[in-house]
Structures are given as C-alpha cells and as structure tokens.
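Read off the chains here:
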Amino acid sequence: MRAPFVALVLCAMTAACGNTESATSGDTQLPPQAITVVANTDIAVGEGRLLVAIAESDGSRLGSPADAIAIEVAPADQPELRQRSEGVFTWTIEDVFGLYRAEFVFDRPGIWNVTVVPASGRPLEPTLIQVRDDTVAPGVGDRAPAVATPTAVTGVLEEITTDPEPDKRFYELSLDQASKSGATTVAVFSTPAFCRTATCGPMLDQVKVLAPAYPEVNFVHVEIYSGFNEPGFVPDGDHLAPAVGATGWNLPSEPWVFVIDEAGVISHRFEGVMDPAELVAALS
Amino acid sequence: MRRSVGSFVLLGVAVSLASCSDEALLSSAAPIEPLITTTAAVAPATQEPTPTSTAAATPTTLAADGEPPRVASQQTVGVVIAVDGDLSEIRAFSLLLSDGAVIELAPQAGLLFDEGPLSHVRDHLVSGAPIAVAFHVEAGVAIATKVGDAQ
Numbered sequence: 215m216r217a218p219f220v221a222l223v224l225c226a227m228t229a230a231c232g233n234t235e236s237a238t239s240g241d242t243q244l245p246p247q248a249i250t251v252v253a254n255t256d257i258a259v260g261e262g263r264l265l266v267a268i269a270e271s272d273g274s275r276l277g278s279p280a281d282a283i284a285i286e287v288a289p290a291d292q293p294e295l296r297q298r299s300e301g302v303f304t305w306t307i308e309d310v311f312g313l314y315r316a317e318f319v320f321d322r323p324g325i326w327n328v329t330v331v332p333a334s335g336r337p338l339e340p341t342l343i344q345v346r347d348d349t350v351a352p353g354v355g356d357r358a359p360a361v362a363t364p365t366a367v368t369g370v371l372e373e374i375t376t377d378p379e380p381d382k383r384f385y386e387l388s389l390d391q392a393s394k395s396g397a398t399t400v401a402v403f404s405t406p407a408f409c410r411t412a413t414c415g416p417m418l419d420q421v422k423v424l425a426p427a428y429p430e431v432n433f434v435h436v437e438i439y440s441g442f443n444e445p446g447f448v449p450d451g452d453h454l455a456p457a458v459g460a461t462g463w464n465l466p467s468e469p470w471v472f473v474i475d476e477a478g479v480i481s482h483r484f485e486g487v488m489d490p491a492e493l494v495a496a497l498s
Numbered sequence: 144m145r146r147s148v149g150s151f152v153l154l155g156v157a158v159s160l161a162s163c164s165d166e167a168l169l170s171s172a173a174p175i176e177p178l179i180t181t182t183a184a185v186a187p188a189t190q191e192p193t194p195t196s197t198a199a200a201t202p203t204t205l206a207a208d209g210e211p212p213r214v215a216s217q218q219t220v221g222v223v224i225a226v227d228g229d230l231s232e233i234r235a236f237s238l239l240l241s242d243g244a245v246i247e248l249a250p251q252a253g254l255l256f257d258e259g260p261l262s263h264v265r266d267h268l269v270s271g272a273p274i275a276v277a278f279h280v281e282a283g284v285a286i287a288t289k290v291g292d293a294q
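As given, the protein sequences belong to chains A and B, one line each in that order. For the first sequence, this note's numbering gives the first residue as 215, with consecutive numbering after it. For the second sequence, this note's numbering gives the first residue as 144, with consecutive numbering after it.
Think of the hints as simulated: they come from the structure by calculation, not from any bench. Keep in mind that the hints are not guaranteed to be accurate.
To be verified - Here are the simulated SDA-like pairs of lysine to any residue, each with C-alpha atoms no more than 25 Å apart in a straight line:
no., chain 1, residue 1, chain 2, residue 2
1, B, K289, A, E444
2, B, K289, A, G355
3, B, K289, A, S274
4, B, K289, A, G446
Claimed, not checked - Pair ranges (Cβ atoms, derived):
no., chain 1, residue 1, chain 2, residue 2, range
5, A, R336, B, A282, 12 to 22 Å
6, B, H279, A, E386, 45 to 55 Å
7, A, D291, B, D257, 35 to 45 Å
Since this is a predicted model, take the numbers as computed values, not measurements. We treat Cβ as the ideally placed atom computed from N, Cα and C, and that holds for glycine.
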C-alpha cells in the first residue's frame, strides 16, 4: 500500500495564527473564503523565496499588481518569531493570472505557518509548509553540477528541444561547458511541449526575450525529458533527462531558472514562476 | 544540496473549509462517497496548527472473497491544492471539490496527465485551472485512473 499522503493541512487558526495587523497600504481586501496556496516546493533553511497564490474557493485566482498584501511566516511552534514581507505580485501569464512572491530567512527546519495579510480586512487562514534542512535541487552557493546537455553542435535542434520557436543561442553550449566557461550562465530547465497550459513555456520565453540584452552571458535551455522524439516515448520518471534526474541537478519540479556565476557557483535560482525583473536584477 | 528526494514533499495549503462557499463551482462534479474530508475536519480555533492527514477513512469490511472492497469508477472535477511527489513520481495529489470537500488521490502506476507527464498537476496547482479525474476506491484509497484538463 502506498504511504499515507499527509500533505494537506487544515488550519482554522484565525485567532491563534492570525494575530496580525494590517500593515500594507491601500484597501485590498480578500473574501473570507479565499485560500492560500504555496506554489513552490523546494524550501530549506536559509534565504528562501516563497510563491503564494490566492484563490477563491472555486480555485480561480485572486490578486493583481494593484492588490497589496503582506506575507508572514513563522515556525509553527514559535509563532512569535514572525517575519513579514510585502508580497510582490508576479504574473504567471501576463494579464491572466499570477501570484505573489516574497523573500524570507528560514532559520530552522520544520513546519512553518504562512499567512497572507491583505491591506485591510482579516488575514487569510494560514497554511503550513515544510522547511527542509537542505534544498533538494542545488542551492545558492552550491557549485553547479557538471552535467553535459545536448547541443546544436552534437544534435539537430528539433531533436534536442520541444520549444516550437527555439533560439539557437540556447543550444550552443552544453551546461557543463557553460558553467566552466568563466562567464555567467543562465540555465533554464523546462519542457514547453509537455507543459501546455501554465508555466514552462512562458518562463523560457521570458528568458529568450531578455537574452539579447546580455551578449556576454551564456544561455542554456535543458529539456526535462530525453528521448521525446522516439517512438513510444512516455514523459515519465524513466525518461528524465540525465541533467534533470538524481544523477544531475535532482530537480523536484519544473520549470526552473538558475543563474551560475563566473566561478561556476549558483548565485540565484527561481522555481516555478519568475518575474523578468528578478532575472535582470540577478544579472546586474 | 541534498541528493535524496524520497522524503515527503509538503505543499502547504490552508483551506478555510469552514468558510468555503457552497456555490457549485464544478459543474460536472460527481458525488463522491467514502474518502472525502469534510469541513468537519477543521480544527477548533484554539488548537495549535498541526499537519492533518486528510486521508480517507479506510473501510474495515472485506468483500466476500476476502479482498479489499472496490468501489466502481467515479469521476470528478476539482482544483489541485496539494501535490506529494516530484518529477520522477507523483505519489498523491489533493483536489478541492465544489462543496468544499477535499479528496486525496493516489495515481495508478504509469498514469499520465492526458498524454503528458503526471507532474503537470503541479502546474495546475500554480494556475488553479480545474482538472477532471476518474478514479475508483480500493481499500479506502482513491486511485486515479485518468487525469486531464477539465473541459
């Protein structure tokens, strides 16, 4: 039998968890039935980036650049150690839906509360996240795993990417070559063809738009699956690309963008959703 | 970085089920019986927050042949609110249904999301776009047999 799934946490802690006050500007209010969804997975001790979506009870997303909210986090067993950051709205798909991001310092592993605090009105019911001892995927400060990836030099472009409009520049260097080149590298892990509705294609497209402004930077796109052109291909765990799986970057999810500095060390990482401004800041 | 991904991946989701709207949000949601966490599971306001399993109650009766009971296939539509797993394996995911109930599903072996990777459920977690799921109940566990975009 499968191990019990203990992922969902119900926290009706309005009084105990919601000892917050409105501190954001504006008059943003959220319906009382709104729910909080933490959209990224790889959160560990240290500086962490949290992605928080706000949803109506029917799942439709709330929030916009005009809606100011704050996000609070605290260890579940020590709510007094609360941290607060303003949530920065980030479009997942421009003018369609988005979520809020905020940076925190998680100083201990374990279960933490995450609370969305609108500019006015009551905070939403808190949600719980698990903060790990260490990240699953390579973290900031880690050396970029030296894994070879297919290039247009070694293969036909259409056979190494599922991007319908590939930028050849993203396939000129293998990831290990790029990270050892002495130049900054932006690595995008995504699979546009197998992520049809939400985040993968837009994330790669965002980086492609920015790339011309950084001629000195290496850009590498890595597909999540290998063998996708072969008959009978199935996009499952058995077909994870070597660079993606446990012997490579060990990614727990996709898409990802990593920034690797001139020394081959990861300086920034973005899971799931990225505002182009974040990448611009990382490259400045 | 840690090289193991075998440990439990928690995607925290606070669902204020007590205040969830009763409005029908899932037009094609079929009635689900034995494995749904209802709003009654919400903790009292003075209780410390603790991870709460929304696992379904496990039937204690066995079929005549001694095998665990199996409920005929059902279909539902819901919004993904939690995912347990990674790119190599999705072990389970949870759907929020129209009546505020939550159902947990374990995918059958080799299950895809339409013809794409099952890990695509995580994109639906981000986007909030509802998904359609066919499943049956086996020994108290909802086993997803088909997953795709809700029409």
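Results for each hint:
no., hint, in the structure
1, K289/B <-> E444/A, "holds, 24 Å"
2, K289/B <-> G355/A, "violated, 41 Å"
3, K289/B <-> S274/A, "holds, 23 Å"
4, K289/B <-> G446/A, "holds, 19 Å"
5, R336/A <-> A282/B: 12 to 22 Å, "violated, 41 Å"
6, H279/B <-> E386/A: 45 to 55 Å, "holds, 49 Å"
7, D291/A <-> D257/B: 35 to 45 Å, "holds, 42 Å"
This entry does not satisfy hints 2, 5, going by the numbered hints stated previously.
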